[in-house]
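Asks: Throw the hints in and build the complete structure from the sequences for me.
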Amino acid sequence: RKEVEQDPGPFNVPEGATVAFNCTYSNSASQSFFWYRQDCRKEPKLLMSVYSSGNEDGRFTAQLNRASQYISLLIRDSKLSDSATYLCVVTIDNNDMRFGAGTRLTVKP
Amino acid sequence: DAGVTQSPTHLIKTRGQQVTLRCSPKSGHDTVSWYQQALGQGPQFIFQYYEEEERQRGNFPDRFSGHQFPNYSSELNVNALLLGDSALYLCASSPGQGWGYTFGSGTRLTVV
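First to last, the protein sequences are chains B and F.
Read left to right, the first sequence gives residues 90 to 198 (the numbering used here).
Read left to right, the second sequence gives residues 987 to 1098 (the numbering used here).
Heads up, some of the hints might be wrong.
List time: in silico DSBU-like cross-link candidates among lysine-lysine, alpha-carbon distance up to 35 Å [as the list claims (entries may be wrong)]:
| # | chain 1 | residue 1 | chain 2 | residue 2 |
| --- | --- | --- | --- | --- |
| 1 | F | K999 | B | K134 |
| 2 | B | K168 | B | K131 |
| 3 | B | K168 | F | K999 |
Please keep in mind that the hints were generated in silico from the structure rather than gathered at the bench.
Replies: Following this line, the structure appears as structure tokens:
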């Protein structure tokens, strides 16, 4: 089993749609959780951290369920500029980050 | 304030050769991590350097080695290159313990 597993995608949605990505992790000792965004042929960039209480940043909402070892990202009112690959990331002991394979999102006009 | 800088940006090597990739961390960061990202995959952790020592290592063979210098910059060395080593190699720096990773734009290595 992979350490971090994500929806295989790709997701192709129209502008204005709501889209949700799911992620599961295998190590119950995982401490920190993040969503990163990666544009084509670019480096990953931090989108948002994920907290147990859930957190929101504009159109983006992240949720964490430690009991189920599950993380989600919800994007509301999708924009063309949201097209990218979204990477789920967990850290074990703050020494290294483990990435999922990523889910590609394409938002179409 | 310079972010993470990596060099070179692109590199083509022949199978069996050796390669050295370089990374300068973001100002104020003392920890450097290296990742390999194959096409269509997420970044895979290679190793992390802190205080000039390898602190953590992922599931990569000994052909992959590294070094960190007193100024916190780092090198990734790969010996006996294989075709499967072709990938984007990413360096990320962070301020010691905890999160706040910043990635460089990567070095794209092609092995032919």
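Asks: Run the structure past the numbered hints and jot down the numbers of the failing ones, going up.
Replies: Hint 3 alone not satisfied by this model.
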